[in-house]
Amino acid sequence: MAGPSDEFGDRLIAFLPNLRRFAMSLCRSPDVADDLVQLACERAIANASSFVPGTRFDAWMFRILRNLWIDQLRRDRTQGRKDDIGAHEERLVGDAGTAPEHRLVLKDVWKAIGGLTADQREVLLLVCVEEFSYREAADILGVPIGTVMSRLARARVNIAAAAGIDAPVLRSKRQDKVETDE
Amino acid sequence: MSDEFTDEELMAYADGELDPARRARLEALLPKRPDLAGRIDMFARTRSAAAESVRTHLDEPVPAKLKASVEAMIRQASQPNSAEGVVPLRPRKRTPFVAWAAPIAACLLALVAGAIGYWLATQGAVSSGYYQIAGIADPELDRVLSKLPSGEKSRLAGSGAEISMIASFLRGDQMLCREFGIAHAAMGDHLAIACRSAGKWSVDLALRTAGGATDAYKPASSAETIDAFLHALGAGPALVGQAETDALAKLH
Numbered sequence: 001m002a003g004p005s006d007e008f009g010d011r012l013i014a015f016l017p018n019l020r021r022f023a024m025s026l027c028r029s030p031d032v033a034d035d036l037v038q039l040a041c042e043r044a045i046a047n048a049s050s051f052v053p054g055t056r057f058d059a060w061m062f063r064i065l066r067n068l069w070i071d072q073l074r075r076d077r078t079q080g081r082k083d084d085i086g087a088h089e090e091r092l093v094g095d096a097g098t099a100p101e102h103r104l105v106l107k108d109v110w111k112a113i114g115g116l117t118a119d120q121r122e123v124l125l126l127v128c129v130e131e132f133s134y135r136e137a138a139d140i141l142g143v144p145i146g147t148v149m150s151r152l153a154r155a156r157v158n159i160a161a162a163a164g165i166d167a168p169v170l171r172s173k174r175q176d177k178v179e180t181d182e
Numbered sequence: 183m184s185d186e187f188t189d190e191e192l193m194a195y196a197d198g199e200l201d202p203a204r205r206a207r208l209e210a211l212l213p214k215r216p217d218l219a220g221r222i223d224m225f226a227r228t229r230s231a232a233a234e235s236v237r238t239h240l241d242e243p244v245p246a247k248l249k250a251s252v253e254a255m256i257r258q259a260s261q262p263n264s265a266e267g268v269v270p271l272r273p274r275k276r277t278p279f280v281a282w283a284a285p286i287a288a289c290l291l292a293l294v295a296g297a298i299g300y301w302l303a304t305q306g307a308v309s310s311g312y313y314q315i316a317g318i319a320d321p322e323l324d325r326v327l328s329k330l331p332s333g334e335k336s337r338l339a340g341s342g343a344e345i346s347m348i349a350s351f352l353r354g355d356q357m358l359c360r361e362f363g364i365a366h367a368a369m370g371d372h373l374a375i376a377c378r379s380a381g382k383w384s385v386d387l388a389l390r391t392a393g394g395a396t397d398a399y400k401p402a403s404s405a406e407t408i409d410a411f412l413h414a415l416g417a418g419p420a421l422v423g424q425a426e427t428d429a430l431a432k433l434h
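Residue numbers (our numbering), protein chains in the order written: chain A, 1 to 182; chain B, 183 to 434.
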């Protein structure tokens, strides 16, 4: 069997930061994430010939990694292990250029993302962080587009509630105030 | 056209994905509907906050070991005959499969068949109405394997064992295989892989992962063992959603 092309290898290496970020945000543990990324790369290299040129490489890789993660979760569940995503310590937001208040909001949001169900979290990551369209996210996850939209809306309503973003803006005055926060 | 907008539609508007007709309708309404405007604002802000929060928290370089390990896999894969050559070790836990997966998987198969055979021999009385683990699946398990979507559970009436479907995939020779968990109070928990063979399901691997229901012991390596076995089978990517439904439909 012919090995992957140089171009394939280059693309995979270039994509590692995104892949790791996606893995980290799925499982929230650097060790588990690194294993997951490594496993996804092994799977991708072994199946390089099934990648259709001209289609999105990022979506293909995310699908492989996400399916491996789902398999792992299902095995863990089978073995009575708990999904311990909430148990991981959230790390401090260290960006010095970020205003303290804003940093607190980001921290709350980060915490809230950790508190989402796995279904809601992955769709949030794909659409809001990795910037896939609803259709692309539906293809990666193997679910109908309506499911993507309802999970995503629920995820964002939950985050808004947890991080205090949800106050409905009823007066234009308050709306102005909100906008100056940006 | 309705002036009611669902959360999904308001979110789609914030994301630039609402269809043009609904978008026009919504934009006409917005000046007199601050409630809708506020909801859209919430969706817009949760999007940017989520993106910024994740990027800020996870903005770190890929560990050098991980990168080196992936580079080594790529190099190795592009030189098909060098599997016995220098195989850079994976930084932790797993070694790249290629070098050792096949012999290990073969050993496992023998080991598992032996263990299950032993159980069946010593607990023979219980085995009537019980599922058979290694070998051709009993009719009830056969039906579950042909039907149950991944992520769902089903209880076998005969034995009381609970089957949790984990994944479906095509083997190197394009035969359909399924990975699943079996939980049984007396027999303990297993992870198993069954593949289609001559119109039937054959359970090719079953790993004991825990004893009875209250036994907390779980060998840490079972998932890696399964991964090695899958790799040795030449397993393709998991079939999800419609692809899995279609693959199962083809069995009938």
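FYI, nobody ran anything at the bench for these hints, they're computed from the structure.
All C-beta atoms in this analysis are idealised placements derived from N, C-alpha and C, irrespective of residue type, glycine included.
Some hints here could point you the wrong way.
As the list claims (entries may be wrong) - Some, not all, of what chain A presents toward chain B, calculated at C-beta under 8 angstroms:
no.: 1; residue: R11
no.: 2; residue: F15
no.: 3; residue: R43
no.: 4; residue: I45
no.: 5; residue: S49
no.: 6; residue: F57
no.: 7; residue: D58
no.: 8; residue: G142
no.: 9; residue: S150
no.: 10; residue: L152
As the list claims (entries may be wrong) - Covered stretches of chain B (chain A as the covering partner; in silico rule of three or more C-beta atoms under 8 angstroms from a C-beta of chain A):
no.: 11; region: 207 to 216
no.: 12; region: 352 to 359
no.: 13; region: 377 to 391
Hints, one by one, checked against the model:
Hint on A:R11 is violated. Least Cβ distance to chain B is approximately 10 angstroms, over the 8 angstroms limit. Interface hint status for A:F15: violated, as the beta-carbon distance to the closest one in chain B is roughly 10 angstroms, over 8 angstroms. Interface hint at A:R43: satisfied, since its Cβ lies 7 angstroms from the closest Cβ of chain B, which is below the 8 angstroms cut-off. Below 8 angstroms, beta-carbon pairs count as interface contacts, and A:I45 has one with chain B at about 5 angstroms; its hint therefore holds.
About 10 angstroms separates the beta-carbon of A:S49 from the nearest beta-carbon of chain B, more than 8 angstroms, and the hint is not met. Given the 8 angstroms rule on beta carbons, the hint for A:F57 is violated: about 14 angstroms separates it from the nearest Cβ of chain B. At its closest, the beta carbon of A:D58 sits 15 angstroms from a beta carbon of chain B; the interface hint therefore is violated under the 8 angstroms criterion. A cut of 8 angstroms between beta carbons decides the hint on A:G142: the least distance to chain B is about 3 angstroms, and the hint holds.
The beta carbon of A:S150 comes within 6 angstroms of a beta carbon in chain B, closer than 8 angstroms, and the hint placing it at the interface holds. Taking 8 angstroms as the C-beta cut-off, the interface hint given for A:L152 holds, the closest approach to chain B being about 7 angstroms. Proximity of the region 207 to 216 of chain B to chain A, defined as three or more residues with a beta carbon under 8 angstroms from a beta carbon of that chain, is not established by the 1 residues found. A count of 0 residues in the region 352 to 359 of chain B with a Cβ less than 8 angstroms from any Cβ of chain A is obtained; the coverage claim is therefore unmet, three being the minimum.
Restraint check on the region 377 to 391 of chain B versus chain A: 1 residues with Cβ-Cβ distances below 8 angstroms, three needed, restraint violated.
In summary, the structure is inconsistent with hints 1, 2, 5, 6, 7, 11, 12, 13 from the numbered list given earlier, while agreeing with the others.
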